[in-house]
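Trainee: Residue strings, one per chain:
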Amino acid sequence: MITFSEIETTVKRASKAAGFSWGIAEEIGKSIMSLELFGLPGIINLNHYLKKIKKKHPKKITKIEKKNKTDDKELCPIYSGVAFLDRCLELEKLKSLKFYNVSYPLLMLPFISRASEIMSKKILVQFDNSSFLLNFDKSIFSKNIKKQVHSQAKVVNIEFIENKNSFSEQDWKQLYKLSEETFVDESDSLKKTAAGAGLTDND
Amino acid sequence: MSKINIKLRDPNEVMKLSRLGSFHQSKLSFLRSFIREFKNWEYKRSIFELDKDGYGTAVYSFEKNKRNYSLICFAQYINPNERSDRVIATKWDASFVLHDGIPTRKDINRLKENVPKQEIGRMSYKELTLSRANKSVRVFDHVVNSLSSGNQPDKNLLDKVGYLYRTTAVYGSGKFGLADRFRIKNRKEIYGPFRLEMMLVYLVRQFTFDQVNHIAKFKNPSKAIELDENIARSLGIGNSTGLGMAPFIVNHPTLLHKWIYNREKALKDIRSIENVKDDEFVFFKNCLTKSRSIIDTWLTDSEYQNKKINSLKSDLIKFDKFIEKDCSIKLKYLWNTIYLWVEKNLNEECIEYIVSMMMEPYDKVTDPLIANMSSEEEQYFSIPGHRKVSGLKTILEKKYQSIIKINFKAKNSTANFWFISKNKEEPRVANRYKEHGAELEQPLAIARDIKQLYERILKTNQSETVADFLLNNDDLRHVVRRAFIADQFPYSEIQDNTIGASLMPIDMLRLKLSFFGAVKFDPRSDKWLRINMYQGAPLSHELKNSDDTWIYNSLN
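The listed protein sequences derive, respectively, from chains Z and F.
For the first sequence, position 181 matches number 181 in our numbering, and the numbering has no gaps at all.
For the second sequence, position 547 matches number 547 in our numbering, and the numbering has no gaps at all.
If you're looking for bench data, these hints aren't it; they were derived computationally from the structure.
There could be a bad hint or two in this list.
Pair ranges (Cβ atoms, derived) [unchecked claim]: (1) Lys147/Z with Asp10/F: 53 to 61 Å; (2) Gly39/Z with Asn372/F: 31 to 39 Å; (3) Lys147/Z with Asn431/F: 43 to 51 Å; (4) Arg122/F with Ser120/Z: 36 to 44 Å; (5) Asn472/F with Ala195/Z: 54 to 62 Å; (6) Lys55/Z with Asn79/F: 43 to 51 Å.
Yeah, the Cβ is synthetic: ideal placement off N, Cα and C, and Gly gets one too.
Model the full assembly from the supplied sequences, consistent with the hints where possible.
Mentor: Right under this line is the structure:
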């Protein structure tokens, strides 16, 4: 079995050889390792993408807006991902973003996943029929991944999920009530000897 | 509470290569902390299946609370022409792997097919570290011949070499299929850096003693005797180290910071002691005396190293006079007085030697620091793109003040480049203007790239965000990341030019090796050196009763 350390090192070198700068290559190394750690096909998608751009290196994205297109044929998932990651705190106010015609969109995921950790917000990513819930870079919950290699997505939707509970007030009350059964009723004598008893805090 | 305000030493001085290349082993060194951590584990030799010539398989282990680490050794015959310390070698006298748990026969058979092949073999996640070693043939044969004739070997010869075997690489952390660090990093006993590498080397040392005894016994069953324990104890394991180690300290900035910071913190805390106790001062002087007797066994043909050794020896004479004449425990802040005198009057080699020695009486200072010498590097990888360029400029001016003064237009400042060799995938350094390959340079010219970053930033709108700056300057992304790390971790960066004409790569190796706890630095060129590890260390059956000053046990 190839180790994650070997994956990171080799991906970094291969990405540099494919024309990315060392700093971006470092990002790609970490990202592909992370995809593989989450059980997603990072190596396969990267191999295809690096082969595709061998003759013509992709254009860099110049800024990130609510809707992102390129006059080049396709958006590069790496440059888009890195630019998104670097700006994630300022992008939060947009609530959702779209990237059109993204090559190998799976390669963008780990950057968004890291952004989720930096922003302390879950992020939902959807392209075609697949969806991915990115949880603070701790896990990626995926649905409907039909193929291992996804060469292009017409639209990648990114939505910042507001921090809210997945359960109702009622659910919480029910659970809290049960937790109270671990508490001890305080007697009067216990109250008298508790920390701070008899003192005034107006000192 | 200290009444004087001792500060940590300035990274701009400590992180210069000449200073880092003068570091010595100390109580913080990894092989010493390994022994302290594992001295109460159960040591066992569970398999020893060698033939009459000492070839075959052996297994050694440490066990405690149902956790077991096993060293599997494979010894084989090699043609003397094939014996080479260079990383390009393909055969070794012995090869070793540290297995997580008790290996089954199936595991041993699998590893027998792979471990002797080293880099071209494949290990599994159940293996933790990998190494190989060659005999010091003149010493090994002499010891076997002596023992088999019923005599102990010549101590003078052993004194000159100091080991029976020399390792030529020790690999860990996910290389060649070995377990990734994240799989095991939460185990408390191996939280110290390189602890499993240190365990491997310690157990290899025991194997070398068992092997010579075994061969001698077979050679002459009626007359052979075992190697005297005092002699065995005075032998370590040699190591030949090349440039492979150098990029490590550049590529792991937060880890480097942790090593240096804790050393600096120990020094600061010791200098801040107001009243030094008599037994502490006596302990320091005893360690110093014992240690000095070993300096005479540091033999090398290297002019560079001999200069350092001679400087150390002559400075220690000056230091003796100072200690005798001007130092007494009646002085408040005695260690601070000593340190200030040393810094003012002695050379770097001796300054750092005394710094190491000052730690000796103070377990209470060093013990809490040991557990803080690893780093979760991933946490510091992301670049804060929302920060302003002006902030980055301030960081560069503050944290790289001597580096941004270097003139990189001068050819001498860019004389070298680092690359990875195709045949062995190992780091190398070469002259940029004489050799080919500079276009494939590794990102290890940090000083040059930081300077370039600074120059570009001066021409950039200061209110721009770092994210915007990176859109047009992603060729410098790797150093932007480093600058933000250096802002949090002041000892994370070598404050020197790693591609200049005057670069001595062995200074980078020495820094790392000193933290390992290596002694007897013997440079064979400016790019590789030999060292010794565990010389004087307790033998495996002595571990439980050992104390931490074993490093100063001299041959005699």
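Trainee: Would you mind marking each hint as holding or not holding in the structure?
Mentor: Results for each hint:
1. Lys147/Z with Asp10/F: 53 to 61 Å: Since the Cβ atoms of Lys147/Z and Asp10/F sit about 57 Å apart, the hinted range of 53 to 61 Å holds.
2. Gly39/Z with Asn372/F: 31 to 39 Å: Holds - the Cβ-Cβ distance for Gly39/Z and Asn372/F, about 33 Å, lies within 31 to 39 Å.
3. Lys147/Z with Asn431/F: 43 to 51 Å: 50 Å, holds
4. Arg122/F with Ser120/Z: 36 to 44 Å: 40 Å, holds
5. Asn472/F with Ala195/Z: 54 to 62 Å: Because 60 Å falls inside the window, the suggested range holds.
6. Lys55/Z with Asn79/F: 43 to 51 Å: Because 49 Å falls inside the window, the suggested range holds.
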